Amino acid sequence: MTLIIKHARIVNAAGEAAGLKDILIEGGKITRVSQGLANDDARVIDAEGKVVMPGFIDLHVHLREPGREDKETIATGCQAAARGGFTSIFAMPNTTPAIDTAQVVQFVLDQAKKVGLVNVYPVGAITKNRDGAQLTEMMDLRRAGCLAVTDDGHAVMNAGLMRRALEYARMAKLLVMQHCQDPNLSGAGVMNEGALSTRLGLKGDPVVSEAVIVARDIELAHYLKTPVHFMHVSAARSVDLIRRAKKEGIPVTAEAAPHHFSLTEESVKGFDTATKVSPPLRSAADVAAVKAGLKDGTLDCIATDHAPHTHEDKEVDFDAAPFGLIGMETAFGLVVKELVLTGILTLAQAVDKLSAAPARIVGLKDKGEIAEGKDADIVIVDMDKEWQVRREDMASKSRNSPFIGWNLKGRVVTTICGGKVVYSA
Amino acid sequence: MTAIAKIMDAEQIRRAVTRIAHEILERNKGVENIRLIGIRTRGVVLADRLKLAIEAIEQKPVTCGILDINLYRDDLTLIAHQPVIRETRIDFDITDKTVVLVDDVLFTGRTIRAALDALVDLGRPSCIQLAVLVDRGHRELPIRADFVGKNIPTARTQSVRVKLSESDGTGDEVVVEGGH
Amino acid sequence: MTEWSHRHLLDLDHVTRSEIELVIETARSFKEVSAREVKKVPALRGKTVALLFFEASTRTRVSFELAAKRLSADTLSIAANVSSVTKGETVLDTALNIEAMNVDAMVVRHQASGVPQMLAQGTKTVIINAGDGCRAHPTQALLDIFTMVDRLGPLDGKKVAIVGDILHSRVARSNITALISMGAHVTVCGPGTLIPVGIDKMGVEATTDISHALDGADVVMALRMQKERQQELYLPSITEYVKEFCITAERLKKARPNALVMHPGPTNRGVEIAADVADGAQSVILEQVTNGIAVRMAVLYLLLGRKAE
Numbered sequence: 004m005t006l007i008i009k010h011a012r013i014v015n016a017a018g019e020a021a022g023l024k025d026i027l028i029e030g031g032k033i034t035r036v037s038q039g040l041a042n043d044d045a046r047v048i049d050a051e052g053k054v055v056m057p058g059f060i061d062l063h064v065h066l067r068e069p070g071r072e073d074k075e076t077i078a079t080g081c082q083a084a085a086r087g088g089f090t091s092i093f094a095m096p097n098t099t100p101a102i103d104t105a106q107v108v109q110f111v112l113d114q115a116k117k118v119g120l121v122n123v124y125p126v127g128a129i130t131k132n133r134d135g136a137q138l139t140e141m142m143d144l145r146r147a148g149c150l151a152v153t154d155d156g157h158a159v160m161n162a163g164l165m166r167r168a169l170e171y172a173r174m175a176k177l178l179v180m181q182h183c184q185d186p187n188l189s190g191a192g193v194m195n196e197g198a199l200s201t202r203l204g205l206k207g208d209p210v211v212s213e214a215v216i217v218a219r220d221i222e223l224a225h226y227l228k229t230p231v232h233f234m235h236v237s238a239a240r241s242v243d244l245i246r247r248a249k250k251e252g253i254p255v256t257a258e259a260a261p262h263h264f265s266l267t268e269e270s271v272k273g274f275d276t277a278t279k280v281s282p283p284l285r286s287a288a289d290v291a292a293v294k295a296g297l298k299d300g301t302l303d304c305i306a307t308d309h310a311p312h313t314h315e316d317k318e319v320d321f322d323a324a325p326f327g328l329i330g331m332e333t334a335f336g337l338v339v340k341e342l343v344l345t346g347i348l349t350l351a352q353a354v355d356k357l358s359a360a361p362a363r364i365v366g367l368k369d370k371g372e373i374a375e376g377k378d379a380d381i382v383i384v385d386m387d388k389e390w391q392v393r394r395e396d397m398a399s400k401s402r403n404s405p406f407i408g409w410n411l412k413g414r415v416v417t418t419i420c421g422g423k424v425v426y427s428a
Numbered sequence: 021m022t023a024i025a026k027i028m029d030a031e032q033i034r035r036a037v038t039r040i041a042h043e044i045l046e047r048n049k050g051v052e053n054i055r056l057i058g059i060r061t062r063g064v065v066l067a068d069r070l071k072l073a074i075e076a077i078e079q080k081p082v083t084c085g086i087l088d089i090n091l092y093r094d095d096l097t098l099i100a101h102q103p104v105i106r107e108t109r110i111d112f113d114i115t116d117k118t119v120v121l122v123d124d125v126l127f128t129g130r131t132i133r134a135a136l137d138a139l140v141d142l143g144r145p146s147c148i149q150l151a152v153l154v155d156r157g158h159r160e161l162p163i164r165a166d167f168v169g170k171n172i173p174t175a176r177t178q179s180v181r182v183k184l185s186e187s188d189g190t191g192d193e194v195v196v197e198g199g200h
Numbered sequence: 002m003t004e005w006s007h008r009h010l011l012d013l014d015h016v017t018r019s020e021i022e023l024v025i026e027t028a029r030s031f032k033e034v035s036a037r038e039v040k041k042v043p044a045l046r047g048k049t050v051a052l053l054f055f056e057a058s059t060r061t062r063v064s065f066e067l068a069a070k071r072l073s074a075d076t077l078s079i080a081a082n083v084s085s086v087t088k089g090e091t092v093l094d095t096a097l098n099i100e101a102m103n104v105d106a107m108v109v110r111h112q113a114s115g116v117p118q119m120l121a122q123g124t125k126t127v128i129i130n131a132g133d134g135c136r137a138h139p140t141q142a143l144l145d146i147f148t149m150v151d152r153l154g155p156l157d158g159k160k161v162a163i164v165g166d167i168l169h170s171r172v173a174r175s176n177i178t179a180l181i182s183m184g185a186h187v188t189v190c191g192p193g194t195l196i197p198v199g200i201d202k203m204g205v206e207a208t209t210d211i212s213h214a215l216d217g218a219d220v221v222m223a224l225r226m227q228k229e230r231q232q233e234l235y236l237p238s239i240t241e242y243v244k245e246f247c248i249t250a251e252r253l254k255k256a257r258p259n260a261l262v263m264h265p266g267p268t269n270r271g272v273e274i275a276a277d278v279a280d281g282a283q284s285v286i287l288e289q290v291t292n293g294i295a296v297r298m299a300v301l302y303l304l305l306g307r308k309a310e
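Quick mapping for you: the protein sequence lines, in order, are chains A, B and C. Under the numbering used here, the first residue of the first sequence is numbered 4, with each subsequent residue one higher. Under the numbering used here, the first residue of the second sequence is numbered 21, with each subsequent residue one higher. Under the numbering used here, the first residue of the third sequence is numbered 2, with each subsequent residue one higher.
Hints should not be assumed to be uniformly reliable.
Unchecked claim - Short derived list, chain A residues pointing at chain C, Cβ under 8 Å:
| # | residue |
| --- | --- |
| 1 | A198 |
| 2 | L266 |
| 3 | E269 |
| 4 | S270 |
| 5 | F274 |
| 6 | V319 |
| 7 | D320 |
| 8 | F326 |
| 9 | G408 |
| 10 | K412 |
To be verified - Under 10 Å between C-beta atoms, here's a sample of chain B residues computed to sit facing chain C:
| # | residue |
| --- | --- |
| 11 | D88 |
| 12 | N90 |
| 13 | H101 |
| 14 | P103 |
| 15 | E107 |
| 16 | I110 |
| 17 | A134 |
| 18 | L136 |
Treat the hints as calculated values from the structure; they're not laboratory data. Keep in mind the model is a prediction, meaning the values are calculated, not measured. For every residue, glycine included, the Cβ atom is placed at its ideal position computed from N, Cα and C.
Okay, chain A solo, but in the shape it has when bound (with noise of 0.2 Å):
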């Protein structure tokens, strides 16, 4: 199918192209980028008024299929991406069975493709069923087609076996992503441990518990001049940590989630358990450290951390209800409100935080970028459009966001996925 976009506003990474481009797809590539472009048998789009960016890539997302069907499947959380913007999305493997071996990659990957939306990328385990105690086969992960592993939901807290990780890991070329908690320190923690969980009686989980594991996997990073990415990033003494690594050279990228730029701790006084998340909400202090750190490079990327749960999982008290919010359908008018229309961010570093650093993360060279010969994903926003987060109108099968009722700025209004509309708003 033969696609054109017409009297396009291009923002890619690198800044905003010169005038109104017009796009023109073939096979699911862009094959020109120009002016006066003209094809009788392409459908066209005029995004006349709108920004075109190159598709949202997501390292974060909770799928929940295999296992947990009723809370979201692969079908319901690609609807939801490709609602959000996100033309690539990364599987967590906290699924039941864990994406630990090559069948449950290519199970999810089959599931995908039935879809057929987005693009679903599964993240294998680090270690087989999650349980920190033996790695995967990762040599076989990375044939039936993952990028990265991670043991998502847990930190590998064995450091020996974390160094064997990534030893691994290097051979197979898969990138290591951290879930920093130690839990040890978070314990039965269901907030932000200090003076606000104190006063509302509800156990703590300290920064520090994020902190020690980003501080060992740096030297860990530095010792073995191996990659490590590190997951939604929530503490300010992280950031610090992180950027100071940076400075010394040692490889490590990190991940904000939107939430953590989003809402304090302060959220959690109604005891609404939508705010209940690991890491959890942090204070103002840590949340400005989170949008300094996306300012100056030292969170490469945003990603949702989408964990969908159903209203039954958490309409209990909020000891008993599971963490984690969905996220992609409200990402990126949270990144607008809170990093774009605050001067934090300018809308080309946006489009490097949401598309072109999570590629260059995960080595997808043909993506994150409006240019010709790159693959046809893209998403045309409407930046001036107003619009409410209402819960009947998610696209995700679950409706735990501590979002609803916001009013946002910036709206996705089509999402190409490999040059075939994917959502229209």
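Following the hints, put chains B and C in place on chain A, whose structure we already have.
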């Protein structure tokens, strides 16, 4: 338009209290078995004044207590402003005694109904009598006063205000407010 | 005089000093009722109070039940243990089912912080918190303050020492909030592992030095020390806790000569408080229990004894 008419002044109130004191003594033939119980708030002041008046006449001590009837009101869950509950202070046994309930104004009779219920919870008096400074009519229950300072015919829409120096910090007076 | 301005009693965070004083004033009248031969007034006749205890607690439940009955309310007691919740019925489910039976108030005890607040948002019934997780136990704090005011008069400038497992104590949290509203100076004291992060932000002094905490105290409140804290690595041993923090007659000498000794009960004699101190002349522990009924009557009256919204 709000019309205000003064019905009793300090001197009239004083005389009424003295007269009631005499009537109580006459009816009950002495003070031995009498227990005065004032209904909060102004009934307490009047009961104190009656106590002093009776003691002055008889030269014998009279026992006096305080009753808060709010918990016994039948309109507790209907009124917008919740009454503040204050202590009932009756540190004597009322069983087999003649209790004289004292209040400022007798109107619908509902306050007295509540007071009677409250007293029954506290013991079994041989007899309960009622003394009021003003009876303004409009009874909704079969209740009447034994001792009345002054009968004042009123319209239902009017209000009767009793001011006493101990509770209101002003001069004593009884006024009728409001039109027809 | 102030009116009570809250629909529910979830915690004491927004309860003002004059509202606490109103509770005390009202409780004083109800204490008189409890001393009568006929311990009953008709104030809440026709009202139904459901006692929803997801966590076992005989004392608090019985205290609320007596309070409701002495106001002529009908009570129903539901020991909704964890097992019915694991059967698939959520807390809110249980509450909605009880609500459907037209109850006027639910007295709720739950092991997780925030449940009463959740029920206040999810149902239309008046919710009274009878203790949630480590968060709040408002009626306990109100009865503690009633007892203190009864004995000591106004609490402005009075020194209150709360000793023990502050970290896990909802009693401590509610007392801190209310005592500070009442103008008292509060010192919390316990092992470093059991003093929560940021407690000073609540306006208290925190110390691990028991003699400093008790020095010149007008009130010494001991908290229950659970034996499990040893397994949970908060304490090396209960024996060492007793050595360092048990309120003994000797330690009590540091406090003012007639300082009140309090405990929310049930006491672990010989652990957080020595038996002779718990039974001693300065102890008002049983008075707390008596006052608890009057204070809970006051709370029920203030929340239910008026026109329903």
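Query raised in the report: Minimum Cβ distance from I110 (chain B) to chain C below 10 Å?
Result: Since the shortest Cβ distance to chain C is 9 Å, the answer is holds.
Query - Hinted contact P103 (chain B) with chain C - closest CB pair below 10 Å - result: This interface hint holds because 9 Å falls under the 10 Å limit.
Query raised in the report: Does the nearest C-beta of chain C fall within a distance shorter than 8 Å of the C-beta of F274 (chain A)?
Result: At about 3 Å, which falls below the 8 Å cut-off, the nearest Cβ of chain C leaves the hint on F274 (chain A) intact, so it holds.
Requested in this report: Report holds or violated for the interface hint on K412 (chain A), using the least CB-CB distance to chain C and a cut-off of 8 Å.
Outcome: This hint is violated: K412 (chain A) lies away from chain C, its Cβ roughly 29 Å from the closest one there, beyond 8 Å.
Query raised in the report: Holds or violated: is there a CB of chain C closer than 8 Å to the CB of D320 (chain A)?
Result: 4 Å, holds
**Report entry** Residue hint E107 (chain B), partner chain C, criterion CB-CB below 10 Å
**Finding:** With a minimum Cβ separation of about 5 Å from chain C (threshold 10 Å), the hint on E107 (chain B) holds.
Query - Agreement of hint G408 (chain A) with chain C interface, Cβ distance less than 8 Å - result: The hint is violated - G408 (chain A) has no Cβ within 8 Å of chain C, the shortest such distance being about 14 Å.
Query - Agreement of hint L136 (chain B) with chain C interface, Cβ distance less than 10 Å - result: Where the cut-off is 10 Å and the nearest Cβ of chain C is about 12 Å from L136 (chain B), the hint is violated.
Query raised in the report: Quick one, is the D88 (chain B) hint okay against chain C at 10 Å, beta carbons?
Result: 6 Å, holds
Query raised in the report: Do the numbers back the hint for E269 (chain A), that is, is its least Cβ distance to chain C under 8 Å?
Result: This hint is violated: E269 (chain A) lies away from chain C, its Cβ roughly 13 Å from the closest one there, beyond 8 Å.
Requested in this report: Hold the hint about L266 (chain A) up to the distance rule: shortest CB distance to chain C must be less than 8 Å.
Outcome: L266 (chain A) check fails; min Cβ-Cβ to chain C is 17 Å, beyond 8 Å.
**Report entry** Supplied contact hint for N90 (chain B), tested at 10 Å Cβ to chain C
**Finding:** 8 Å, holds
Taken one by one, the earlier hints fail for this structure at numbers 2, 3, 4, 8, 9, 10 and 18, listed in ascending order.
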